[in-house]
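Enquirer: Sequence:
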Amino acid sequence: MSIKETEEQNRLRFQIELEFIQCLANPNYLNFLAQRNYLKDKAFVSYLKYLQYWKKPEYAKFIKYPMCLHFLELLQYEHFRREISSTQCAKFIDDQQILHWQHYTRKRTRFLQPQQPEVTTAAAAAVTTSTTVAATPAVSVQQPPQKST
0 MSIKETEEQN
10 RLRFQIELEF
20 IQCLANPNYL
30 NFLAQRNYLK
40 DKAFVSYLKY
50 LQYWKKPEYA
60 KFIKYPMCLH
70 FLELLQYEHF
80 RREISSTQCA
90 KFIDDQQILH
100 WQHYTRKRTR
110 FLQPQQPEVT
120 TAAAAAVTTS
130 TTVAATPAVS
140 VQQPPQKST
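Counting from 1, position 14 in the sequence shown corresponds to residue 13 in numbering that gives the first Met the number 0; the numbering is continuous, with no gaps.
Since the hints were made in silico from the structure, they are not lab data.
Treat each hint with caution, since some may be false.
Below, a list of computed lysine-lysine pairs in the DSBU-like style, where the Cα atoms sit at most 35 Å apart [what the hints assert, rightly or not]:
no., residue 1, residue 2
1, K63, K48
2, K60, K3
3, K63, K41
Work the whole structure out from these sequences, hints included.
Expert: Quick look at the structure:
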């Protein structure tokens, strides 16, 4: 028996799933879920598998914290689900995430800046010489002869 969702129910489910999936970007929240055995529950693991549709571009464009998609992928593996129950593991991931955020903007800005070619001394001299030569006329202009009176 199939139950048809109304437009309002669809919108609400979309919002709830979007909020939940973005919570997965927080390693401390993942640790919380693991310590309370949610990650051992087969129904919950199936729900995480279902949420993989958020990786599709038409859904991913709504995600503010794209790191959540990486953690969603990792949660598909039992080994990760076991390891994230360790507070030490969650702390390490959290620290790495903070370091990434601290340096991302600076690295990204540097990467996107137009690359200025390095000018060597020889190249600079060649440019200066060619500019000087170009500024000097190639044909010498003779003075008109003076009229004798």
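Enquirer: Give a verdict on every hint.
Expert: Comparing the hints with the structure gives:
Restraint check: the Cα-Cα separation between K63 and K48 comes to about 20 Å, which is no more than 35 Å; the hinted pair holds. A C-alpha spacing of about 26 Å is found between K60 and K3, which places the hinted pair at or below 35 Å, so the restraint holds. This hinted pair checks out: K63 and K41 have alpha carbons roughly 28 Å apart, not beyond 35 Å.
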